[in-house]
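Undergrad: First to last, the sequence lines map onto chains A and B. Position 100 of the first sequence, counting from 1, maps to 100 under the numbering used here, and the rest follow consecutively. Position 91 of the second sequence, counting from 1, maps to 91 under the numbering used here, and the rest follow consecutively.
Just so you know, these hints were derived from the structure itself, not from any lab. Treat each hint with caution, since some may be false.
Looking from chain B toward chain A, a few residues come up when the C-beta cut is under 10 angstroms (computed) [to be verified]:
1. 140
2. 145
3. 261
4. 361
5. 382
6. 385
7. 387
Only a predicted model underlies this, so the values are computations on that prediction, with no experimental measurement involved. All C-beta atoms, glycine included, are put in the ideal place defined by N, C-alpha and C.
Okay, here's what each chain looks like letter by letter:
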Amino acid sequence: MGILLFITVLLIAACGLIYELIAGTLASYLLGDSVLQFSTIIGCYLFAMGIGSALSRYIDRGLAYRFVWIELLLGVVGGFSSAILFLAFAYTQGFQFLMYALVIIIGVLVGLEIPLLMRIIRSRYHFRDVIAHVLTFDYLGALGASLLFPILLVPYLGLVRSAILFGIVNVAVALWSTFLFAEQLAKAQALRVVCFLVLCGLGIGLAEAKHITTAAEDNIYADEIILARDTRYQHIVLTRFKDDIRLFLNSHLQFSSRDEYRYHEALVHPGLSAIPVPRRVLVLGGGDGLAVREILKYPQLESITLVDLDPEMTRLFSTHPMLSALNQRSFSASKVHIINADAFPWVDSNTDSFDFIVIDFPDPTNYSLGKLYTTTFYKAVARHLSAQGLMVVQSTSPMFARDSFWCIAETIKQAGLRTYPYHVYVPSFGEWGFVLAGFREYQYPTSVPEGLRFVSVKDLPALFQFPPDMAPMAMPPNRLNDQVLVRLYDQDWKDISH
Amino acid sequence: MTVSRRTFVKSASAALIGLSLKSDSQITGTFVNESFQLGHQLRDRAKFPPPKQLFKVPVVIVGGGIAGLSAAWRFWKKGFHDFVLLEMNDEAGGNSRWGQNEITAYPWAAHYVPVPGPKAVYVRELFEDLGVLQSGKWEERFLCFTPQERLFIYGRWQDGIEPAIGLKQSDRDQFRRFEDQIHTFRSTGKFTVPMELGLSDSTADLDRVSFADWLREQKMDSRILSWYMNYCCRDDYGATTDQTSAWAGIQYFASREPEEKGPLTWPEGNGWIVRRLLERVGRFVRVGQMVHRISQTKTGVSVSAGETEFQAKHVIFAAPTFLAPYLIEGMAPLHDFEYSPWLTANLTLERYPESYGTDPTWDNVFMESPTLGYVDATHQTLRTHIERTVWTFYWALASGSPAENRQLLLNSDWGSWKEAILHDLERVHGDIRRCVSRIDIMRMGHAMARPKVGAIFSPERRRLANLSGSVLFANSDLSGFSIFEEAQWRGVSAAEKVLGKVG
Numbered sequence: 001m002g003i004l005l006f007i008t009v010l011l012i013a014a015c016g017l018i019y020e021l022i023a024g025t026l027a028s029y030l031l032g033d034s035v036l037q038f039s040t041i042i043g044c045y046l047f048a049m050g051i052g053s054a055l056s057r058y059i060d061r062g063l064a065y066r067f068v069w070i071e072l073l074l075g076v077v078g079g080f081s082s083a084i085l086f087l088a089f090a091y092t093q094g095f096q097f098l099m100y101a102l103v104i105i106i107g108v109l110v111g112l113e114i115p116l117l118m119r120i121i122r123s124r125y126h127f128r129d130v131i132a133h134v135l136t137f138d139y140l141g142a143l144g145a146s147l148l149f150p151i152l153l154v155p156y157l158g159l160v161r162s163a164i165l166f167g168i169v170n171v172a173v174a175l176w177s178t179f180l181f182a183e184q185l186a187k188a189q190a191l192r193v194v195c196f197l198v199l200c201g202l203g204i205g206l207a208e209a210k211h212i213t214t215a216a217e218d219n220i221y222a223d224e225i226i227l228a229r230d231t232r233y234q235h236i237v238l239t240r241f242k243d244d245i246r247l248f249l250n251s252h253l254q255f256s257s258r259d260e261y262r263y264h265e266a267l268v269h270p271g272l273s274a275i276p277v278p279r280r281v282l283v284l285g286g287g288d289g290l291a292v293r294e295i296l297k298y299p300q301l302e303s304i305t306l307v308d309l310d311p312e313m314t315r316l317f318s319t320h321p322m323l324s325a326l327n328q329r330s331f332s333a334s335k336v337h338i339i340n341a342d343a344f345p346w347v348d349s350n351t352d353s354f355d356f357i358v359i360d361f362p363d364p365t366n367y368s369l370g371k372l373y374t375t376t377f378y379k380a381v382a383r384h385l386s387a388q389g390l391m392v393v394q395s396t397s398p399m400f401a402r403d404s405f406w407c408i409a410e411t412i413k414q415a416g417l418r419t420y421p422y423h424v425y426v427p428s429f430g431e432w433g434f435v436l437a438g439f440r441e442y443q444y445p446t447s448v449p450e451g452l453r454f455v456s457v458k459d460l461p462a463l464f465q466f467p468p469d470m471a472p473m474a475m476p477p478n479r480l481n482d483q484v485l486v487r488l489y490d491q492d493w494k495d496i497s498h
Numbered sequence: 001m002t003v004s005r006r007t008f009v010k011s012a013s014a015a016l017i018g019l020s021l022k023s024d025s026q027i028t029g030t031f032v033n034e035s036f037q038l039g040h041q042l043r044d045r046a047k048f049p050p051p052k053q054l055f056k057v058p059v060v061i062v063g064g065g066i067a068g069l070s071a072a073w074r075f076w077k078k079g080f081h082d083f084v085l086l087e088m089n090d091e092a093g094g095n096s097r098w099g100q101n102e103i104t105a106y107p108w109a110a111h112y113v114p115v116p117g118p119k120a121v122y123v124r125e126l127f128e129d130l131g132v133l134q135s136g137k138w139e140e141r142f143l144c145f146t147p148q149e150r151l152f153i154y155g156r157w158q159d160g161i162e163p164a165i166g167l168k169q170s171d172r173d174q175f176r177r178f179e180d181q182i183h184t185f186r187s188t189g190k191f192t193v194p195m196e197l198g199l200s201d202s203t204a205d206l207d208r209v210s211f212a213d214w215l216r217e218q219k220m221d222s223r224i225l226s227w228y229m230n231y232c233c234r235d236d237y238g239a240t241t242d243q244t245s246a247w248a249g250i251q252y253f254a255s256r257e258p259e260e261k262g263p264l265t266w267p268e269g270n271g272w273i274v275r276r277l278l279e280r281v282g283r284f285v286r287v288g289q290m291v292h293r294i295s296q297t298k299t300g301v302s303v304s305a306g307e308t309e310f311q312a313k314h315v316i317f318a319a320p321t322f323l324a325p326y327l328i329e330g331m332a333p334l335h336d337f338e339y340s341p342w343l344t345a346n347l348t349l350e351r352y353p354e355s356y357g358t359d360p361t362w363d364n365v366f367m368e369s370p371t372l373g374y375v376d377a378t379h380q381t382l383r384t385h386i387e388r389t390v391w392t393f394y395w396a397l398a399s400g401s402p403a404e405n406r407q408l409l410l411n412s413d414w415g416s417w418k419e420a421i422l423h424d425l426e427r428v429h430g431d432i433r434r435c436v437s438r439i440d441i442m443r444m445g446h447a448m449a450r451p452k453v454g455a456i457f458s459p460e461r462r463r464l465a466n467l468s469g470s471v472l473f474a475n476s477d478l479s480g481f482s483i484f485e486e487a488q489w490r491g492v493s494a495a496e497k498v499l500g501k502v503g
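Just chain B, with the same shape it has in the complex (with noise of 0.2 angstroms):
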C-alpha cells in the first residue's frame, strides 16, 4: 500500500483534532429528575380527572421530603399507623434525595447537616434512633472525614473555606469585629435551631435590612469578608447578601455551636437519612401520586390524588409551601414566599485530577466562582484507594431576579450548561475534561425558600406556621429558609399537633 503525501497529511491532521476532541466528546449525561412539568400542570391549572375511587385515612400527609418524612416517623415511632404519605415524584426524599451508580451513592441536594445543638431536640432524637448519637458520642465515620473543606484561592488551595490567606490587616480586623458581633448575637439565645423556638420580636429590625446593608453599616465593606458572606449565603439560602435578610444572616453564623466537629454526612447526602426513614415508613409512602386538589368537606378533608379521593380528618402539607394555594381550595395566593432557583450536576470521574500533592478534601469551593464548587461523594469511604469518584457541584442561581434564572434554567440545554460546568472546573483542575465521563445535571426551578427583607417576621409566614386547623403546613419553607433540621422540627411539630387530636 503506498501512502500519498495528501492522504498522509490527512489522516494525520484527523487523528490530531480527534485526539483533541476526544476527552470532550467522551462526556455523556442528560437532565435527570425533572418534575417542573408537574408543577406546571397545577400552575396552568389544568383539568384533572374525577377520582374513581374512595379511600378513608384519618391521616394524609403530602410531600416526601424531609418534612413529610419526618412527620411519619413520628406517628411510626408513637404507634400511630392511619396514615398514608403521598409524593408527586417516583421517589421520595425531596432535597435529599440521591443517586446510585457502579463507584458509588452521590446526593442529589442536600448533603449534610450540621452537628445538632442541644435545642434540636426532634433532631437528636431522630439520630439516635439511627445510631448516629449513640449514648452522647457521635458516631465518627458519619462524622466528615478529614480533611473536610478548602478554599482554591490566589491560585492555590488553603484549608478551610474561610479566607485565610492574602488578607490585609483592615481585613482580619472586619473578621474579629464580625465575630465579635456574632457573638453577642449567639448569647441572646435569640438565634437558635430550629429558628421558632428563639425567635423573638426583639430582633425584627434586622429583617428590615438586608444583611449586605447591614455588613455596609457595621462598616465591614471589605471585598473578601462581602465574598465569604456572599458565599455563605449563597450556599445556604440561594441568595446574595443583598437579597438575605440580615435577620437571616446573622442567623446562619449565630444559630450554631458545635459540640463536635463536623458536619455529619454519607456518601448519599442527607438521602442516607432518607434511606433510613423509609426503612421505617417507607410501607406508609405512595409515590407517584400528584395532589391536585384539597378541600375542606362537612367531616374533614378531601385529599384528591391522581385517581384517588383521600377522606381524611387531618392534613400535614409537607409539601412546598408555595403550591398550596394551586391545591387548596379557597387559599389566597401568597406574597412573602420566595424560592431560588438551582442547579445540581453529579459528575463521574475516572480518575481524580491532578492534585500536586495535595489531599483532596470533601467539600472544595473557589473563590469569586458564581457556583458553590463540589463535593466529592467517596469521601466518606473507608477504604485507603479510591480511583474513580463522583462529584455532586453546586450552583445556586442567586444574582438576580429568581423568575429570570428560572428561565435560563429551562431554556438552556443540556451542552451549555455541561459546558458552563466544565469552564468554572477548569479554573481549578486544567485536566478535568480527561478525568470526567458522565454529567448528570439536575434543575430545581423552586430549590429553596429564599430569606428574603421582612421574610421571618411576615406575618403571612408567622400564620400559616401557626395554624391549628384541619390542614397544618410543615414545609421548612415556613422557617423562611429550607434546612434539614428546620424541615425535620416542623415534620414533627405537626405529627405531634395532629397526634393531639387523633391520639
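Okay, chain A solo, but in the shape it has when bound (with noise of 0.2 angstroms):
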C-alpha cells in the first residue's frame, strides 16, 4: 500500500514537469528565444502551482474525490496541451495567450495535487514520514521526467503524443486512486466509468496524433515536402503550400505552380508563334513537361522530341498524379518523343532538323552544367536549327546575374545567330530573362494560341525592352576552354547577397 501510494506521487510529480517542459520546448520552437520561453513558462507554472496550494485549504470535504477530478481534469488540459497549441499557433492569433492560460491552469491543479494528497493520507503516517516520503519522490518523478523528455520523448514521440501519454498517465493515476481511497470514496464506481471514458478519449488522441501535427505543421513550416528522391543525376524535392507545389532540383527552385505559367508562356509563345509553318520542336532539358504542354497548344506540329538527363524525372511527371495534372499529361500526347540523354553529346551526333528549339536548362552554377552555355554548344545547336526556325534560350535573371544574362546573349551571338533577349516578370523568381535566335530576322506573331493567361500580341513587344538597370552589357563568349559564364554566375550571385 505503501509504496504504490508514493508512486502515484513520482507519477503525478512527473506528468506536472512534462506539462511544463513542452509548453517550453513548443514555445521555443515557434515563437523562438529559448531563454524567454522558458523563464516565463517555468515561472508562470511555478507562480500557478503556489496559488492550487493555496487554494486547496479552501477544499475541507470529500478530498480523495476532489483529487480523482483533478487528476481527470490534469489528464484532459495536459494530455490535449501540446496539439491545443499547435492547432492554436497554426490556425488563430491567440497562441501565446492561450499558452500561458494552459499553463496556468495545469499549474493550479498541480499545485492542488500534492496537497490534497499529503491530507488523504496523513492519517496513515506520522506527519515527518509524510512531508519525507511525498517530496522524495515528489523530486523523484521530477528528475525520471526531466531526463525521459529529451532522450526519448521528443525525439520518438514527439510533443503531441509525449503530451497525451502523460495525460494517459494522470487518468490513469485517477482510476488508480478510485482503489487506492475506495474507503474514502462514495461514488467510487461512477468515477471509475468516467475514467474509463476520459482514458479512451486520449487513447483515440494517441492514435490520431499524426494527423493532428501533420494538420498543424502543414500550416507552420512554409511548405510541405510531398516528395524527395536522389536519382542518378540530381536531388529532387517537390513541396506544397495550399496550392502551391514548388520543383527544387539540387536546392534551386525550378518553378512555382502558382506562376509557372508566367514562365513557361513567356519560354515558349513569343518564339513558336512568330515560326510560318512550325512542325518539329525540340526540347532540351524541361523535364516537368511543363514546357511541352505550353508547346502541345500548337495542334499543327508533327512532333515534339524532349531530351532530358534524368529518367526519374521524366517518368516521375509522366506517372505522377499531381505532377501530370500540372503538365496536363503533356507526356502522354502521342506527337511527344522523350529521350533520356546527355544533351551535349546527343546535340552533337544527332542529325535531324527542327523549326523550334526550346533549350531550358538549371543555371550555370558548375563547370559540368557551364559547357550547356558555350559556343561550341550553341553552334552544334545551331546546326538543327531550321532556316526559318528559332530557338530560345533560358538565360538567368538580368536583373540579378545581368552580367551572365549578357555573356549568354554575346555567346549565341558569336555562335552566328541573331539574338533577340526578353524579359518577364515571375514572382517566384523575380525578373528572368531569355534569348531567341535564329538565321533570319525575328517579327512578333499577329497571334497567340486561345487561352494564354500572360503571354498577348499586344503586350510582346514590351517584353524585349530592358529598363536601364537591366540594359544590355558588353561581355565576352563563354567558351569551352574559357567558361567566363560560371565566374560571372558565381559574382554576380555573390554580390545579390551581400
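Mind assembling these two chains? They're in different frames, but the hints should get you there.
TA: Take a look at the structure:
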C-alpha cells in the first residue's frame, strides 16, 4: 500500500514537469528565444502551483473525490495541451494567450495535487514521514521526467503524443486512486466509468496524433515536402504550400505552380508563334513537361522531341498524379518523344532538323553545366535549326545576374545567330530572361494560342524592352576553354547576397 | 542454429578485417606495354637470324613515334608513297601511345600540345589538316576545357599550377623578376619552337650552367619559386633544375606565348593525333618490326628487321637516337645523350573522390610531391554527367641518377608501385582507395631526352641533327628534349630533305 502511494506521487510529479517542459519547448520552437520562453513558462507555472497550493486550504470535504477529479482534469488539459497549442499556432492569432492560460491552469491543478494527497494520507503515517516520502518521490519523479523528455519522448514520440501519453498517466492515476482510496469514496464506481471514458478519449488522441501534427505542421512550416528523391543525376524535392507546388533540383527552385505559367508561356510562345509553319520541335532539358504543355497548344506540330538527362524526372512527371496534372499529361501525347540522354553529346551526334528549339537547362552554377552555355554548344544546336526556325534559351535573370545574362546573349551571337533577348516578371523568380535566336530577322507573332494567361500579341513587344538597370552590357562569350560565365554567375549572385 | 560467443566474435572480427581490406584487394592491374626486353636484346648484341627475304624500297623510316609518323605524313601529303615505316612495338605512337577501356580512351604518355606559335609552321599545317585549326581559329572542343589546372597547396586546391597562395612579398618579387627576365629572353627571338630556328651561339653560355645555378646567380632562391621551377623541369624534361641546362630551363618559359587559351588536348592525349595520322599513313606502317641492323652498302642502305632485309636509298632514323650505335654499323658510341626514366599509370575510378565543392580539373598537381600528379581522361568530354573515369598518373623519376632509377623501375614489382601511387594520391584524396578499381602501370627506362648541362650546344647533337647523307636522324631527342613539336618538326624536316633528293 505505502509504496504504491508513493509511486502515485512520483507519477503525478513526472506528469506535471512534462507539461511544463512541453509548453516551454513548443514556445521555443514556434516563437524562438528559448531563454525567454522557458523562463516565463517556468515562472508562470511555479506561480500557478503556488496558487493551487493556496487554494487547497479551501477544500474541506471529499478530498479523495476531488483528487480524482483533479487528476482527470489534468489528464485532459495536460494531455491535449500540446495538440491544442499546435493547432492554435497554426490557425489562430491567440497562441501566446492560450499558452499562458494553459500553463496557469495546469500549474494550479498540479499545485492542488500534492497538498490534497498529503492530507488524504495524513492519518496513515507520521507527519514527518509523509513530508519526507512525498517530497522524495516528488523530486524523483521530476528527475525521471526531465531525463525521459529529451532522450526518449521528444525524439521518438514527438510533443503531441508525449503530452497525450502523460495525460493517460494522469487519468490512470485517477483510476488507480479510486481503488487506493476506495473507502473514502462514495461513488467510486461512477468515477471509474468517467476515468474509463476519458482514457478512451486520450487513447484515440494518441492514435490520431499524427494527423493533428501533420495538419498543424503543414500550416506552420512554409512548405510541406511531398516528395524527395535522390536520382543518379540530381536531388529532386517537391514541396506544397496550399495550392502552390514547387520543384527544387539540387536545392534550386525550378518552378512554382502559382506562376510557372508566366515562365513557360514566355519561354515558348514568343518564339513558336512567330514561326510560319512549325512542324518539329526540340526541347532540351524541361523534364517537368511544362514547356511541352505549352508547345502542345499548336495542333499543326508533327512531333515534339524532349531530351532530358534524368529518366526518373520524366517518369515522375509522366506518372505522378499531381505532377502530370500540372503538365496536363503532356508526356502522354502521341507526338511527344522522350529521350533520356546527356544533351550535348546528343545534339552533337544527332542530325535531325527542327523548326523550334527550347533550351531550358539549370543555371550555369558549375563548369559541367557551363558547357551547355558555350559557343560550341550553340553552334551544335544551330546545326539542327531549320532556315526559318528559332531557338530560345533560358538565360537566368537579367536583373540579379545581369553580367551572366548578357554573356549568354553574346555567346549565342558568337555562335553565328541573330539574337533577340527579352525578359518577364515571374513572382517566385523575380525578373527572368530569355534569348531568342535564329538565322533570320525576328518578327513579332500576329497571333498566339487561345487561352493564354500571360503572353499576348499586344504586350509582347514590351518584353523586348530593357530598362536601364537591365540594359545590355559588353561581355565576352562563354567558351569551352574559357568558361567566363560560371565565374560571372558566381560573382553576380555573390553580389546580390552581400 | 546456435552461435557460441567465440564463433560470433571470430566471424565478427573476420567481417571487420574483411571490410578494412576489401577496398584494397579489389584494385587489380599489371605492368603494360613493356618494351625494354626488346631494347635489351640490342644492348646485349643478341644474335639475330639472317634475313630470309629481300624488299627493295626507296625510303625506310625507322620508328613509329611522332617523328616517324610525321615524316610519313609529309611524304603522303606530297604524294610520295614509296616508303615503309618500321615500328618495333605492336602499336605505333611511341610517346603518344594511348589506351582504351569501356569508360574512355586515355593517354599513356604525352597528353597535350601547347597552342603552337607562328614559328611552328609544320605543326600548324598538321593541325589544319586534322581540322584543329580552321581558317585561323582553333577548334574549341580540342582546347582544354575550363577548369584547366589546379595545385594542391597548404591543404587546399588553388586554380592554376603556379603557386599563388601563401606567398611572401619576397616570393612575389622573385616571381616578378623571373617573369621580367623571361620576357627579355623571349623578345630576343632566340628561344623558339622548334628550337633549331632561333638557336644562337650568343646564348651558349646559358648551356654551360645548370638551371638551378643560374637561378641562384639571379638571387632567385625562394623555396616556392624553386619548387615551381623544379616542377616545370620535371614535367617537360624529367629532370630536376640542377640536372637541367639553364638554356633549357629558360626555353621552357621563353619559347611560348600562346595566342589562345590552351593547351590542345584530347581524352587519349596526343594519341588522338597518332590515330589521325594512322588514318592517313597507316598503310605504310609495319608494326612488330624490330630493326636490328642498318648498314651502308654500295648502292644505298640496308635495314634488317626480323627476317626481312630492306634495301633502301634513304633511311630516316626516327627511333630514339641512343639506339642508333647499337643498330648502325660503324657508328661510334654517343656521349651527350641522356634520358630520364618515367613511370605512368592509368587508374580506373568507379567514382570521383569527395571533392568538397571544388570542380575537378584536367591537370591536378600536388605541391612538394615527387610525382607530377594526374590528368583526367574524361575532362574533354561534352557530357555534363560523368560517373566513372580514368586518371593518368605521371611520375618522372627525376632526382638521382637515371641509371639507378632505371634499376628501381625494373626491380620493384607492380604491388609496390601501386602502393607508392596510392600513397601519393592519398595525401590529397583520402578516399582514393575506395574509388580506384584498377591500376595499369607503364615503365619507360628511356622516356625522354634530358637537356643536361651542355646538351643543347653539344657538337655531337648538332652534328647528328644536321646530317645530309643517306641516313638522317629525326627523333625529338636531337633537340635535346622530347616534346611533340620538336619531334614533328624533325620528322617533317627529314622528309623534306629526302624528298629533295628522290623527288
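Undergrad: Looking back at the numbered hints, which does the structure fail to meet, lowest number first?
TA: none
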